[in-house]
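The lines below spell out each chain.
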Amino acid sequence: MIFRVFEKKELKNFFEVLTVHNRIVGPVEAGRDKKNNPIYSFTEVSDFNNIKLDYTTTKLPAKRYFLPFHEDLSTFRIDNGDWQKTIDYNANQPLIFFGLHPCDINALNKLDKVLLHSVYPMPYYAAKRKNMFIIGIDCVPQPFCFCRSMGSDTALHGFDMFITDLGAKFFVEILTDTAYNFLKNIKKEEPREKDHVLYMKAVSERNKKFTTKVDTTDLAKILDMEFQSEVWKQWGDKCLACGTCSNACPTCYCYGVEETVDIDLKGARKTKMLHSCNLIDFAEVAGGHNFRAERHSRLKYRYYHKHRGFVEAFEESLCVGCGRCGESCLSGIKVPEVIASVRGGKVK
Amino acid sequence: MRAKKADTKTYLGIPLYRPKVAFFEFSSCEGCQLQMVNNENTLLDFLSLVEVVNFREAMTERSDAYEIAFIEGSITRDDEVKRLKAIRKNAKVLVALGSCACFGGVNQLKNRFKNLEWVKKQVYGKHPIDTGAVRAVGDVVPVNLMIYGCPIKKEEVEKIVLDLALGKSIVVPQYPVCMECKANENICLFDLGEPCLGPITRAGCNSWCPNSGAGCWGCRGPAEDANVEYMKKIMKEKGFSEKTILERLDCFGGFKTK
Numbered sequence: 000m001i002f003r004v005f006e007k008k009e010l011k012n013f014f015e016v017l018t019v020h021n022r023i024v025g026p027v028e029a030g031r032d033k034k035n036n037p038i039y040s041f042t043e044v045s046d047f048n049n050i051k052l053d054y055t056t057t058k059l060p061a062k063r064y065f066l067p068f069h070e071d072l073s074t075f076r077i078d079n080g081d082w083q084k085t086i087d088y089n090a091n092q093p094l095i096f097f098g099l100h101p102c103d104i105n106a107l108n109k110l111d112k113v114l115l116h117s118v119y120p121m122p123y124y125a126a127k128r129k130n131m132f133i134i135g136i137d138c139v140p141q142p143f144c145f146c147r148s149m150g151s152d153t154a155l156h157g158f159d160m161f162i163t164d165l166g167a168k169f170f171v172e173i174l175t176d177t178a179y180n181f182l183k184n185i186k187k188e189e190p191r192e193k194d195h196v197l198y199m200k201a202v203s204e205r206n207k208k209f210t211t212k213v214d215t216t217d218l219a220k221i222l223d224m225e226f227q228s229e230v231w232k233q234w235g236d237k238c239l240a241c242g243t244c245s246n247a248c249p250t251c252y253c254y255g256v257e258e259t260v261d262i263d264l265k266g267a268r269k270t271k272m273l274h275s276c277n278l279i280d281f282a283e284v285a286g287g288h289n290f291r292a293e294r295h296s297r298l299k300y301r302y303y304h305k306h307r308g309f310v311e312a313f314e315e316s317l318c319v320g321c322g323r324c325g326e327s328c329l330s331g332i333k334v335p336e337v338i339a340s341v342r343g344g345k346v347k
Numbered sequence: 000m001r002a003k004k005a006d007t008k009t010y011l012g013i014p015l016y017r018p019k020v021a022f023f024e025f026s027s028c029e030g031c032q033l034q035m036v037n038n039e040n041t042l043l044d045f046l047s048l049v050e051v052v053n054f055r056e057a058m059t060e061r062s063d064a065y066e067i068a069f070i071e072g073s074i075t076r077d078d079e080v081k082r083l084k085a086i087r088k089n090a091k092v093l094v095a096l097g098s099c100a101c102f103g104g105v106n107q108l109k110n111r112f113k114n115l116e117w118v119k120k121q122v123y124g125k126h127p128i129d130t131g132a133v134r135a136v137g138d139v140v141p142v143n144l145m146i147y148g149c150p151i152k153k154e155e156v157e158k159i160v161l162d163l164a165l166g167k168s169i170v171v172p173q174y175p176v177c178m179e180c181k182a183n184e185n186i187c188l189f190d191l192g193e194p195c196l197g198p199i200t201r202a203g204c205n206s207w208c209p210n211s212g213a214g215c216w217g218c219r220g221p222a223e224d225a226n227v228e229y230m231k232k233i234m235k236e237k238g239f240s241e242k243t244i245l246e247r248l249d250c251f252g253g254f255k256t257k
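If you read the sequences in order, they're chains C and E. Numbering that gives the first Met the number 0 puts the first residue of the first sequence at 0, with every later residue one more than the last. Numbering that gives the first Met the number 0 puts the first residue of the second sequence at 0, with every later residue one more than the last.
In short, the hints are calculated from the structure, not lab data. Careful, some of the hints might be misleading.
Unchecked claim - With a cut-off of at most 20 Å between alpha-carbon atoms, the simulated PhoX-like pairs for lysine-lysine come out as follows: (1) C/Lys212 with C/Lys345; (2) E/Lys8 with C/Lys265; (3) E/Lys19 with E/Lys167; (4) C/Lys265 with E/Lys167.
These figures come from a predicted structure and were not determined experimentally.
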C-alpha cells in the first residue's frame, strides 16, 4: 500500500486531469428539504465546485450507475419474419466515482460476491464494475449510521484510492496503478511522522461520532429462532409495501424481467427492472398464486436475506449499515429498531 | 380510419388478429379519449393494430360491430344506463377507460352531498338536466379490464392493446407510485413538506405528478396491497390536517373513505 499527502487545492487539479477524458459521478446538492437541510444525490459532474465532498449521505445510493432501475438486457430487430438480437452491457465508457463513503464501497464489494464472483456472474454488472475508477473519502458519521456494527465503516479494498481530510492536507491511500499514474499529474509528497499523527487523530475523532449500534452477535441464529416472532406482524402493520427501502439500499439487487414488443412491431426488448421483495407483485407466480401475500412476511424476508441468508453464504451481512432505508421509510421502519425488537421480543 | 384486410400486421411472420374496437364517452371530460389521439408519433402504428369502428372524437363513421368497447366516464343518468347495457351486449370485452369509468372519478365527489337536488341547482341553476348519483361503470355492468388514470397514460394503453393483439397476458403494476418515483430519483415530496399519495396509489403513470414536483392525488386508485390506514396516520403525524388527507383520498373515488 502506498500513502501520500497533498495540499487541498491539488484536489481540484486532480479533478481537472480526470475530467478531460472521463465521465465523473460525484455527490451534489440536489435540493433543500423543508428545514433547509441539503439533500444530496450522486450525479454526473463536470464542474469541481458542484461536488460536495463534505456531504452527509445521499438519499439514494449510486446504484443506478451499476444496477440501473431499468436496463435493456437485449433488443431485437424484426424483419420479414426473421430477427436479429443485440446485447449491450451498457458500459461504453469508464466512470469515475469521486467521493464514495466506505459504506458504499463495501456495498460494491458485497455485490461483487453475488454478481461478479459467483458461478454465474452478471455481465451487465461486471462490465460496469470493471470500468469504474473509485475515489473513496472518509465520512462524518450521522446519527442514523450503524456501519460500524456491520463492519463496513472502513473500506479495505474495492476502490482505487481513498482520501482522508487532515485539515490543511489530504491523506491518500493508493491501491491501484491506475490511481498511481493519475496522481503523477499533481503535487504530492510522502507522508511524514506528523501526517501519520494527524491521520490517526482524524480516525479517532471519526470513531467518536458513531452513535447508533446494532447488536449482531449470533444474529443469524437468533433470526432463525424468531421466525414466528410477533414483532414481524407489528412491523408489517406499519409497512407501506412501497419498495422505497430497496431503492434506497446500496445492496438490494433483486429484479424482474419483462419482454415487450415495440408498437411498430419491428422491434422487441427484454428489460430488467429493479424490484423489491416488499412489493405485492414480487412473489406472485403463474396462476396468480402469491406465496408472500402478506406485508409482514415480505418485510421479514428482506431482513432474512440481509442478515441471515447472506451471512450463511458469505460470512458477512448484506447490510452495510448506511441507514438510508430507515431514513427514507415514511413509516419509520429502521434496521436498528427492527433487530432490537427481534432480540427483545417486542417493538418499543 | 378504417383499414383494409391487406393492412393486417404480422409479428415474426404470424398475422395478428385485428380486433374491432369502439370508444364511448359517458359523464366525463373526454380527456382520456383525447389522450388516445394525442400521441401522433405512434398513432398510426396504434391504429394499424386495431380497427376502430366507433370513435366520435376522431371519426364520423359509426358501427355497432365491435369486439372491444372502451368506456370513458361515469354513469349518472338513466339513459346512460340503457346505452351502457346495449354496449355491453355488443362487446365481447368491455374496458373501463380512466378514473371516471373505473371509480366514478372527480364526478363522484357530488355523491358526498346529502341533497343531490341542491347540488344540481348549484351547478346548473336555471338550466337543470337529468342527473343523479354517480356510479362507476363496474357498478352498472360487468367490466373485463380497468385502465386507470386521470387522464389515462397513452403508453400504458398502447402496451395493453398491443398485448391483446399479441395474445399476451396483460400485466399492470400492483405496487405503488413510490417505486417509479424513486427510479426517477425525485426528491420525496414529504421531505419538501408536501402531501403525497404515492405510497398507496397504483403505479403505471411513471410518477407523472411527482416528476413535476406535485404530490400524488391517487387518480389511479389504491395499489393492490395499499396500507391506507397507516398512511393516514403518517400524514397526520407529519402535520397534515384531516381535511387535507380526505381531500386527496376522496378526489378520484378510488379510495373508499365513507
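These are the hints, each one checked on the structure:
1. The suggested pairing of C/Lys212 with C/Lys345 holds, with an alpha-carbon distance near 18 Å, which does not exceed 20 Å.
2. Between the alpha carbons of E/Lys8 and C/Lys265 the distance comes to roughly 11 Å, so the proposed pair stays at or under 20 Å and holds.
3. About 18 Å separates the Cα atoms of E/Lys19 and E/Lys167, which keeps this hinted pair within 20 Å; it holds.
4. Between C/Lys265 and E/Lys167 the CA atoms are separated by roughly 17 Å; this keeps the pair inside 20 Å, and the hint holds.
Figure legend: structure checked against the earlier numbered hints; every hint is met.
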